[in-house]
Amino acid sequence: MKQHNGSIWTTIVATVAIVVFSLSSVFGRPAKKLRVVTSLPDLASIAQEVGGSHVETFSIAKGYQDPHFVDPKPSYMIKLQKADLFVQVGLDLEIGWVPPLLDGARNPNILPGGKGYVDASKGVPLLEIPVGDPTKLRAQGDIHVYGNPHYWLDPLRGKIIADNIYDGLVRLRPEFQADFERNLKQFKQKIDQKTAEWIKRLTPYEGTKIVAYHNSWPYFDERFGFDIVTFVEPKPGIPPTPKQLVSVIKTMLQNDVRVIIISPYYSKKSSELIASKTHAQIVELAGSVGGEPGIKTYFDLFDYDINKLIETFQKAGIQPHATE
Numbered sequence: 001m002k003q004h005n006g007s008i009w010t011t012i013v014a015t016v017a018i019v020v021f022s023l024s025s026v027f028g029r030p031a032k033k034l035r036v037v038t039s040l041p042d043l044a045s046i047a048q049e050v051g052g053s054h055v056e057t058f059s060i061a062k063g064y065q066d067p068h069f070v071d072p073k074p075s076y077m078i079k080l081q082k083a084d085l086f087v088q089v090g091l092d093l094e095i096g097w098v099p100p101l102l103d104g105a106r107n108p109n110i111l112p113g114g115k116g117y118v119d120a121s122k123g124v125p126l127l128e129i130p131v132g133d134p135t136k137l138r139a140q141g142d143i144h145v146y147g148n149p150h151y152w153l154d155p156l157r158g159k160i161i162a163d164n165i166y167d168g169l170v171r172l173r174p175e176f177q178a179d180f181e182r183n184l185k186q187f188k189q190k191i192d193q194k195t196a197e198w199i200k201r202l203t204p205y206e207g208t209k210i211v212a213y214h215n216s217w218p219y220f221d222e223r224f225g226f227d228i229v230t231f232v233e234p235k236p237g238i239p240p241t242p243k244q245l246v247s248v249i250k251t252m253l254q255n256d257v258r259v260i261i262i263s264p265y266y267s268k269k270s271s272e273l274i275a276s277k278t279h280a281q282i283v284e285l286a287g288s289v290g291g292e293p294g295i296k297t298y299f300d301l302f303d304y305d306i307n308k309l310i311e312t313f314q315k316a317g318i319q320p321h322a323t324e
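Residue numbers for the sequence shown follow our numbering, so the first one is 1 and each next one is one higher.
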């Protein structure tokens with residue numbers, strides 16, 4: 001009888017243990033990380049800063065690719081199909097490749113208007129908003145038909161991007177709002193601190209005249225005080241003609257421009273020709289996180305580009321002016 005009672009108690013204890021373990025697994029298990037897919041790595045970097053341990057991020061475009069032109073691979077559709085949140089630059093920057101990816105992903109939650117969709121440009125003060133019908137402007141070859149979309153290259157506008165991503169994360173995981181809010185605050189504080197440092201380093205070169213290959217840099221220029229006098233491309237996305245090259249050379253000689261900025265994914269052939277006629281220095285600046293080895297974060301991006309610029313100014317013989 002005692003043996004029988006012992007076996008009963010053993011069974012009861014085992015059953016209770018199983019129930020307790022099951023309940024602890026259900027209620028104590030950490031929530032699954034939010035899968036955040038972004039169009040550009042800069043957005044992924046900011047999303048990681050705000051989301052912290054609650055997110056895993058994936059960027060479709062790589063930092064060494066032209067963000068206007070990305071091959072919409074089927075593997076990206078699978079990523080989007082499984083995504084909880086999708087973040088894009090907007091302003092038609094990704095019009096050539098994001099729409100087919102979203103169509104193929106068949107994930108209504110991350111479509112515009114969906115709970116898991118974020119347009120990072122919301123509330124961002126835009127530059128160079130053209131006048132005219134966007135369709136006609138695009139037909140003429142202009143790829144910046146709603147304003148210049150390279151706004152992430154101003155670190156202070158990066159704080160607005162972070163706000164938009166924060167809103168998307170809170171919609172999906174309101175129980176972690178306090179964590180997201182703390183991370184957002186820390187990100188903004190670091191942005192303010194680093195931006196002050198970057199401005200201080202570049203203030204001695206404020207007003208320096210430069211030429212850019214593509215019109216990627218107006219927000220960077222506005223924040224850090226350069227003067228972009230012209231572009232190698234006659235319009236964004238339009239290759240330069242011989243007539244355009246002659247015009248750029250003339251402008252550079254008249255304005256004593258000694259620096260040409262270009263992103264790594266553009267051909268340097270035209271810029272090298274111009275440099276040979278003007279004795280200017282060409283500098284490759286990264287347009288996105290991952291654009292050069294070692295650029296792992298949004299903060300790394302500005303550290304790298306500002307270091308390269310100062311180094312190039314020195315090579316070009318541009319003297320820093322005195323500051324207070």
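Keep in mind that a hint or two might mislead.
Under the rule of at most 20 Å between Cα atoms (straight-line distance), these lysine-lysine pairs were calculated in the PhoX-like manner [what the hints assert, rightly or not]: (1) Lys-159 / Lys-122; (2) Lys-115 / Lys-209; (3) Lys-115 / Lys-32; (4) Lys-188 / Lys-296.
Ranges of calculated distance between the beta carbons of each label pair, as one might list FRET restraints [as the list claims (entries may be wrong)]: (5) His-321 / Ser-75: 49 to 55 Å; (6) Asp-303 / Phe-69: 42 to 48 Å; (7) Asp-71 / Lys-268: 19 to 25 Å; (8) Arg-171 / Asn-255: 48 to 54 Å; (9) Ile-282 / Gly-104: 34 to 40 Å; (10) Lys-315 / Gly-225: 28 to 34 Å; (11) Lys-235 / Ile-199: 28 to 34 Å; (12) Ser-75 / Asp-227: 40 to 46 Å; (13) Lys-268 / Lys-82: 19 to 25 Å; (14) Val-131 / Glu-272: 31 to 37 Å; (15) Gly-294 / Arg-201: 34 to 40 Å.
Think of the hints as simulated: they come from the structure by calculation, not from any bench.
All values derive from a computational prediction rather than experimental measurement.
Backbone N, C-alpha and C fix where the C-beta goes; we use that ideal spot for every residue, glycine too.
Hints versus structure:
no.: 1; hint: Lys-159 / Lys-122; in the structure: holds, 12 Å
no.: 2; hint: Lys-115 / Lys-209; in the structure: violated, 45 Å
no.: 3; hint: Lys-115 / Lys-32; in the structure: holds, 17 Å
no.: 4; hint: Lys-188 / Lys-296; in the structure: holds, 18 Å
no.: 5; hint: His-321 / Ser-75: 49 to 55 Å; in the structure: holds, 51 Å
no.: 6; hint: Asp-303 / Phe-69: 42 to 48 Å; in the structure: violated, 27 Å
no.: 7; hint: Asp-71 / Lys-268: 19 to 25 Å; in the structure: holds, 22 Å
no.: 8; hint: Arg-171 / Asn-255: 48 to 54 Å; in the structure: holds, 49 Å
no.: 9; hint: Ile-282 / Gly-104: 34 to 40 Å; in the structure: holds, 39 Å
no.: 10; hint: Lys-315 / Gly-225: 28 to 34 Å; in the structure: violated, 20 Å
no.: 11; hint: Lys-235 / Ile-199: 28 to 34 Å; in the structure: holds, 31 Å
no.: 12; hint: Ser-75 / Asp-227: 40 to 46 Å; in the structure: holds, 43 Å
no.: 13; hint: Lys-268 / Lys-82: 19 to 25 Å; in the structure: violated, 39 Å
no.: 14; hint: Val-131 / Glu-272: 31 to 37 Å; in the structure: holds, 35 Å
no.: 15; hint: Gly-294 / Arg-201: 34 to 40 Å; in the structure: violated, 18 Å
In this structure, the hints that do not hold are numbers 2, 6, 10, 13, 15, in rising order.
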